[in-house]
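**Student:** What follows is each chain in one-letter form.
2 protein chains.
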Amino acid sequence: MADENTVYIGKKPTMNYVLAVVTQFNSGSTDVIIKARGRAISRAVDVAEIVRNRFIHDAVVKDIKIQTETIPAEGGGSANVSSIEIYMSK
Amino acid sequence: MADENTVYIGKKPTMNYVLAVVTQFNSGSTDVIIKARGRAISRAVDVAEIVRNRFIHDAVVKDIKIQTETIPAEGGGSANVSSIEIYMSK
Chain A
1 MADENTVYIG KKPTMNYVLA VVTQFNSGST DVIIKARGRA ISRAVDVAEI
51 VRNRFIHDAV VKDIKIQTET IPAEGGGSAN VSSIEIYMSK
Chain B
1 MADENTVYIG KKPTMNYVLA VVTQFNSGST DVIIKARGRA ISRAVDVAEI
51 VRNRFIHDAV VKDIKIQTET IPAEGGGSAN VSSIEIYMSK
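Residue numbers (my numbering), protein chains in the order written: chain A, 1 to 90; chain B, 1 to 90.
Among the clues, some could well be false.
Because identical chains share one entry, a pair is satisfied inside a single copy or across any pair of copies.
Unchecked claim - With a straight-line cut-off of 20 angstroms between C-alpha atoms, the simulated SDA-like cross-links for lysine to any residue are:
#, residue 1, residue 2
1, K62, Y8
2, K90, A79
3, K62, P13
4, K90, G77
5, K65, R54
6, K12, G77
7, K90, T68
8, K90, Q67
Since the hints were made in silico from the structure, they are not lab data.
Sequences are here, hints too, so could you generate the full structure?
**Tutor:** Below, the structure is given as structure tokens:
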């Protein structure tokens, strides 16, 4: 799946990301991946649920994957952070 | 699956919940469900990843479900909150 079908969740308001996912679906995509790390994981779940319940009623959550990513820490060393990938399709 | 195999994630330190899940597995359970709502969802993912990577290496994430729960809001009315269920087994 092309990277253009992926919506990365950051610190902006939840509805910004909802709009991004809805736009993907409405522009012809049948699959959208929502990705998030750390504390943004909760927001990623909110985004998927809001898209499904309020905007794209025939969209379903096809699969959810979680994993641990190792990222460079400030001041050297590395830190582990959890990540989530939510696969939606319609 | 009995409710005793379910670990509810709240606002305590992550390792408290990791210990609870590890204890479940080490006391003979082959399946443990990790449940969380709202902002605790990120912590639930952390708990599953830490259990799997550091403590119970043969544990796997079998399934992950997300949904929306409607809870009574303060001052009347109701609010929607996302929730997650992470099904682990070994």
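**Student:** Evaluate each hint against the coordinates.
**Tutor:** The hints, checked one at a time:
| no. | hint | in the structure |
| --- | --- | --- |
| 1 | K62 - Y8 | within (18 angstroms within a copy, 24 angstroms between copies) |
| 2 | K90 - A79 | neither (36 angstroms within a copy, 27 angstroms between copies) |
| 3 | K62 - P13 | neither (25 angstroms within a copy, 31 angstroms between copies) |
| 4 | K90 - G77 | neither (42 angstroms within a copy, 32 angstroms between copies) |
| 5 | K65 - R54 | between (23 angstroms within a copy, 18 angstroms between copies) |
| 6 | K12 - G77 | neither (28 angstroms within a copy, 27 angstroms between copies) |
| 7 | K90 - T68 | between (28 angstroms within a copy, 19 angstroms between copies) |
| 8 | K90 - Q67 | between (25 angstroms within a copy, 17 angstroms between copies) |
Going down the numbered hints, you'll see the structure goes against 2, 3, 4 and 6, while the others check out.
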